[in-house]
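Asker: Sequence:
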Amino acid sequence: MASGADNGTRWPEVVDPQPGIRAVHLGALAVVTAGGAMGNGLLCVLLARSRALRRPHYIFLLDLSAADALRSIWYLPMGIGPGQRAPWGHGALGCKILAFFGAFLAFHAAFLLFFVSLTRYMSAAHHRFVSKRLTPCAGVGIAAAAWLLSLAMALPPAFDLGAYPPSPPEGLCRFDHRYFRANDSLGLLLVFAVIVVATHAVYSKLACFLHEHRRPHSVHLVPAVSHCWTFHGPGASGQAAANWLNGFGRGPTPPTLVGVRTGQQGGGPRLLNLHEFGTELRTSRMFFLVSLSFALLWSPYMVSCSWRVLARSPALQFPSATLQGLTLAHASASPLICVISNRELRRVLRLGVPSVDGIGGPPPPPPPRGGGREHFL
Numbered sequence: 001m002a003s004g005a006d007n008g009t010r011w012p013e014v015v016d017p018q019p020g021i022r023a024v025h026l027g028a029l030a031v032v033t034a035g036g037a038m039g040n041g042l043l044c045v046l047l048a049r050s051r052a053l054r055r056p057h058y059i060f061l062l063d064l065s066a067a068d069a070l071r072s073i074w075y076l077p078m079g080i081g082p083g084q085r086a087p088w089g090h091g092a093l094g095c096k097i098l099a100f101f102g103a104f105l106a107f108h109a110a111f112l113l114f115f116v117s118l119t120r121y122m123s124a125a126h127h128r129f130v131s132k133r134l135t136p137c138a139g140v141g142i143a144a145a146a147w148l149l150s151l152a153m154a155l156p157p158a159f160d161l162g163a164y165p166p167s168p169p170e171g172l173c174r175f176d177h178r179y180f181r182a183n184d185s186l187g188l189l190l191v192f193a194v195i196v197v198a199t200h201a202v203y204s205k206l207a208c209f210l211h212e213h214r215r216p217h218s219v220h221l222v223p224a225v226s227h228c229w230t231f232h233g234p235g236a237s238g239q240a241a242a243n244w245l246n247g248f249g250r251g252p253t254p255p256t257l258v259g260v261r262t263g264q265q266g267g268g269p270r271l272l273n274l275h276e277f278g279t280e281l282r283t284s285r286m287f288f289l290v291s292l293s294f295a296l297l298w299s300p301y302m303v304s305c306s307w308r309v310l311a312r313s314p315a316l317q318f319p320s321a322t323l324q325g326l327t328l329a330h331a332s333a334s335p336l337i338c339v340i341s342n343r344e345l346r347r348v349l350r351l352g353v354p355s356v357d358g359i360g361g362p363p364p365p366p367p368p369r370g371g372g373r374e375h376f377l
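Residue numbering for the sequence shown follows UniProt numbering, starting at 1 and increasing by one per position.
Hints in this document: simulated from the structure, not taken from any laboratory.
Ideal Cβ positions, reconstructed from N, Cα and C, are used throughout, including at glycine.
Don't take each hint at face value.
Taking CB as the label site, the calculated pair distances span [as the list claims (entries may be wrong)]:
1) LEU292 to PHE209: 40 to 48 Å
2) LEU93 to PHE209: 45 to 53 Å
3) PRO136 to VAL24: 32 to 40 Å
4) ALA34 to ALA125: 36 to 44 Å
5) THR135 to VAL191: 24 to 32 Å
6) HIS127 to GLY187: 34 to 42 Å
Please model the entire structure based on the sequences and the hints provided.
Answerer: Shown next as structure tokens:
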């Protein structure tokens, strides 16, 4: 297979014993890639044109959808078309470019989902800090960091720094994962696996954090200190301080709030409610489902590559095109998961693409169900 990396070399003809099954397989792969391109393209249009969705976490979703649409469009003509005939007809350079973009976009999705999991945990554990620091510009910077890290991971094999010849079995080009002493395939697989596992570890920590803060604690009655009916101290519930901060307070400033600006200077009183907390939970649940589908659909490919890397003479032969199709299926499943699990995306989708730009502002939020206490998992 190493000789296939030389320019001008054509791979031998592959005799297909079951052309009917191969045709059905290629047709299903074409439907998956076309569905991924159309679904992610529509989602990108909705996110780009809607004024109500211009928030940092939707910037991450826009970047992920654009990358998935690009991967589907890239594989549709170059991955499906050559698969209809056995030899690769575009030379070693074309196969290497296709393999590079496949690895580049795969690492980008993994890094971006990991960064999103960190922001989801920070939004629950340190909501005030995230609401002030996580601006749209910061979201663009995080997305750019994901692109740079994925480029750093996928670029060395393209220059043969790790001795990666393109391997086009079954008409699909990818970097050939060999025995771990032949190249650095084991290192790249470990990095990819660690990113995926770390993403779900952060979501597990988020679920534990939410469960811990929902657990009822025993009530310890501590007398509060009264100062002109403000009630501050260890036993105070904080309602008087919240009323004063929101602009509904009367009387002198509580001793613990001396020097704190009231909410009247911000343009009017603002009552705290649990609707924003429920929105953050729904957003975290949406990204968790996307990350879970990414891990499930990439697991067979990772297991196959790990078997090929760790076993000197693999006894199991995995169909490469089928595994590649499962990885492409994530691009088709991601828009469906986002629309089904996100209420705001469904509302914008019902309004239609032409009328999204004419919305004067975000639609009024629905009343929180169950007092705003929604389950994350």
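Asker: What hint numbers does the structure not satisfy?
Answerer: 1 and 3
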